[in-house]
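**Student:** Chains as they are written, first to last, in numbering that gives the first Met the number 0: chain A, 0 to 243; chain B, 0 to 292; chain C, 0 to 409; chain D, 0 to 318.
A portion of the hints provided could be inaccurate.
[Claimed, not checked] One-sided excerpt, in silico: chain D residues whose CB lies under 7 angstroms from chain B:
| # | residue |
| --- | --- |
| 1 | Leu124 |
| 2 | Ile125 |
| 3 | Leu283 |
Derived from the structure by calculation, the hints contain no laboratory data. Every residue, glycine too, gets a C-beta built ideally from N, C-alpha and C.
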Amino acid sequence: MLQVEGVMKSFDGFMAVNGANLTVGKGEIVAVIGPNGAGKTTLFNLITGTLRRDRGRIVFKGEDISELPPYEICKRGISRSYQIVNIFPRLTVFGNVQVAVLSHQRKSSNLFRPAQNIAVEETRRILESVGLLNKEKSIAGSLSHGDQKILEIAIALGNEPELLILDEPTAGMSPEETSATMELVRRLAKTRGLTILFCEHDMDIVFSVAQSIMVMRYGQTIIQASPEEVRNNKEVQEAYLGGE
Amino acid sequence: MTFGGAELICQLLVGISRSMILFIVCAGLSFVLGVLRVPNIAHGSLYMIGAFATFSITKMFAGSTGFWIALILAPLLVALVSLIAERALFQHLYQREHLMLLLFTFAISLILGDLVKIVWGAEYKSVSAPALLKGSISLLGASFPRYNLFLILIGPLVAIALWLFTIKTKIGKISRAAAVDREMVGVLGINVSWVFAIAFVIGCYLAGVGGALVAPTVSITLGMDHTLIIEAFLIVIIGGLGNMWGALVGSLIFGITHSFGVLFWPQFAIVFPYIAVVIVLLLRPKGLLKSVW
Amino acid sequence: MERVIHRRNFLLFPVILGLMFLVHPVLDVKAQGPIKVGIIDTYSGPPTTYTYDVRDAFKLAIDEVNAKGGVLKRKIEFTTRDDKFKVDICLSMAKELIMMEKVDILMGTINSAATLAVSEYCKTEKIPFIVTFSKSEKITGEKGHRYIFSITENTAMIGKAAAAGLAKKPYVKYWIAGDDYEYGHALADGVWGNLKKLKPGVELIGQSWWKVGEPELTPYLTAITAAKPDAVIFATGGASMVNAMKAAKATGFAEKVPMFIHTATEHSTLAPLGLDAPEKVIGTSNYHFYYPDTPKNRAFVKAFKDAYGREPKVGALYGYLAAQFIVKALEKAGKMDREKFIDALSGLKVDSPVGEIEMRAFDHQAMLPMFMGVTKKVREYPFLIASDIVTIPAKDVMPSIEEIKKARGQ
Amino acid sequence: MFERMIRSNWFVPITVILIILFLLPIAAPRFYVYILALIYVTALLAMSLNMVVGHGGMFQFHHAVFYGVGAYTVALMLTKTKLPLWVGFIAGPLVAAITGLIIGWFCVRLTRLYFGMLQISLGSLIWAIVFRWYSFTGGDDGIHGVSMPSFLSSLNHSYYFILVVFLICLVLMYMIFRSPFGSTLQAIRDNAQRCEAVGINVRLYQLGGIVVATFFAGVAGVLFVVLERSVFAEMLFWVLSLEIFIMCLLGGWFTFAGPILGAAMIVALRTFVGKYTEYWTLILGVILILVIFFLPEGVMGFFQDLLKPASKELSERGR
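One chain only, chain A, in its complex shape (with noise of 0.2 angstroms):
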């Protein structure tokens, strides 16, 4: 479904990523991890779009996607959540999610019809899925910052992507909370078919619920396989699992 290529990028001089391989297949959840400073979210931010490859290739479904803003690239359905708390802090939750229902529909260029009676089922049932519906009527920004990163995930889904991808669900969360998240990104990957790309410093998590493992060092994929594989791979032992 998503194959990242030899991709690089460098800030000023510096090799944020130097030739990162990557592939998703349907259905699959897929993790991404290293240490910090690995490059990690700079590859979500280059499939995503944010940020424009210099080098390599990004297909998604068959299509080369690494030049195409981001809007576009959601729009064949790739959506994320971020690692730092990334909301519409002014607005209710519900509204929240409904930007990006509305943005889904090709709505959202209405101008005269209210936005409250638009696309409130489809905004419900998401709110509802993540378990958010009854705080629909609240200010965004004064949630707490657990449920706000859960409303990160649910505006995510509000584009009914196929690929989802997550950048540390869990960070900031207490253990409680982090084992609820990623129940919850397991449910909503097996009742709505998603696939999800997701980076995690929770060994555990991440070795629970992935299905294939990226690894990377430097900017440098060091390998993508199972789990298992994964575990025993000196390289991967050495520059990082032992490191920590």
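Using the hints provided, position chains B, C and D relative to the given structure of chain A.
**Tutor:** For chains B, C and D alone, coordinates are given in the frame of chain A:
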């Protein structure tokens, strides 16, 4: 129309000397923008206060000494005003929305404008250049005002002083770091509030220096703040926000295109700065030099 | 709870409205109250150099009249409004003076655009409007009407006067430089058109225009010096005047190239410059406190100095003239009736500090003489004054009635 | 829908205010009628700006240009051509919107201060044209005494005309504010990057917002001509842009009706305080600082917080 080489050189020098005052004022504005992230509309008012204060101080002394004393004291007075404004009001607002800070500096500029009127009255004021810098010298057959020569010398001095300040002194280094990442500076246990205050005062001090230097060449009036501030913002923008060298480049572009513009296309003089900004921003959307924003 | 707050909120509105009504002064019973003059002018920023003198001289004259019991046994009262040199505020303030203060006569304004806007309003409201400082020739020319009067010079008059003076000088190659706005261009066109008529041999070798309020004029002056004209006509006003004079002095321009600037010899320009003003600049002005040296002028200068501790500038003449015209027209009209007042004011003559001035009946433009002189340092004053003054009589200064008719498309 | 309107808490107060506004010319002195009409015009201008600043999060620093373009268009059409009045009234906003499209097309490429300064530069070029083209625009003298047909000739008639147009615009703007387009703009203000990530072409929407806002600014320009019969180059100068910007911030730029309050406050201040002192800008400065310190969301934002104790509690609990 043809011009001799002497006239062209003269015109270039006039352009540079004009750039120097712009540079000094804009460096201050840019410094505040970089460190505090505040578009300080009151900067123009402080420049105006600098000029008015120069007038008053010059009048207190007989002869030329007054001007030299004013050149020291007037900017210090401006710095004092800005310190009061910063400590009493501004420091409580750094967490606010940018546009609110803009509104705040606008409010300050309104207040300062009327205060100037109350203190100095509304009439034109004029300061004469010190005897040493009066009149003009002959330069390749064309005459060139001595005072402008003085400005050409003093501009680079200020630039070097500011540059040394930012790379050599502790406060300079901290404020440079704060421009890039203010959270980090806070983590290092540095009192960010005072760093901001000092940066603000230094920026405003430069506005005062600019006001004092400009005083002998123009009529000092209410409303000179308005004329300046918009130009200063445009310069800072094309140079790159928060970049001191950007302010220098921007000022030179403004000063030199202006002085040659009036030589060759005087009828379009009023649109030169705007066209310069449009061209620069369409080619380099973040200004010519690296911006800290 | 929520509803209560709602109601309080919307109750606020009638309360504000009610307060507005309370503030509104009850003025309907004013039959024998004072005659009200509203002055709308710029009392902030650089124009105050001129407008304060207008106001103060007007007050001086009105106080004198009121001390003697007023006109038609009624006192004259005036209120001022500051328009901040902005057209929209000027319009609002003018409307406020007319609608709320119910002034009988409106005067003032230094901003030409504002004057034209207020003039149109006065035309519809049928209020006499006496312009004290705006220089646009359109005011009493192209856009003139029954309700507008001007007691100040305008660009057409300056052009005629300057041309009359310059035609006598030997210069042939001219350069024109000035403030890039209506006043500058109109003035330049006026001088040049008339000069060309009087002396067809003159030649215009170039022009420079700078934006209004341009602080640094040195680049322009060096550019002009490079072109080596015989003389330069500067079409500037306000703060640019001082800048131009300073730059002329600093670059030594004034010694090399003869320059003409309207109002260069005027005290408003020379006073702030002190001894820094350049000598030998040719200028024109409606008024000097030292010229004409007549008893009437001396008396006026003394009264003004006693009251305000400074020498009167040209604005003072306008303010004083306004008061003289208003008082005399009221006396002639016999009562405060706007139409009668206008009839009385048209063609009226008053004995002013600069001699007898007539309000021309056709276009309601006061016929002012112009004084051309050259700046000079003298021992008596800490500033320069005009010397070698030549009086250009009003008849040589005024645009002809044919010209006015042509401008109005009649 | 209508039923819901009647049942709404706002129905009674709004109706009462409307009735007062419509009856006012009968009882009030003419000057208040004039000032109210001026407030409507200014408020419409401020609200159109707030569509892009408060709701769109763009640094629209030179909004006055579009107001001036609208006003000049109608004034020029009425004085230089024989076209019927309504053509001018429609052309004003349209030309303003087209100007908005052109300037906006360049500006949306940039962000924040760069956006704002580019707009000031481009707008100032238009200002310079108006200021310099004496034969066409009248230069800095402007055009005065634009004649209006008899149904708009008296102050009361123009008051009603302005009020009705103002109310229509208000309703339209409110609909846009609540529409998907409006909420998308607000989302862009909150977080443009995130909007791109949910499939929104941010620049396109920003440009759309600018066009809509400049259209309403053009309407305000037309209404100004109806009220004052004058246009002048100052209307396109950046100082006025700054003033309307201040009105939005003062009234409360995240609220819908805040700019109306801001405009009313500034117009009233300069008219009624300006009467007593030439230092009214000093007073304005002090008021602004008080607002910044004590009413951080603007005056209207403050009232809204009062009206919504529930949501405020919620937000506190959230923290």
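**Student:** Against this structure, judge whether each hint is valid.
**Tutor:** Status of each hint after checking the structure:
Below 7 angstroms, beta-carbon pairs count as interface contacts, and Leu124 of chain D has one with chain B at about 5 angstroms; its hint therefore holds. Given the 7 angstroms rule on beta carbons, the hint for Ile125 of chain D is violated: about 10 angstroms separates it from the nearest Cβ of chain B. Checking Leu283 of chain D against chain B: minimum C-beta separation of about 6 angstroms stays under 7 angstroms; hint holds.
Comparing the model with each numbered hint stated earlier shows that hint 2 is the single one that does not hold.
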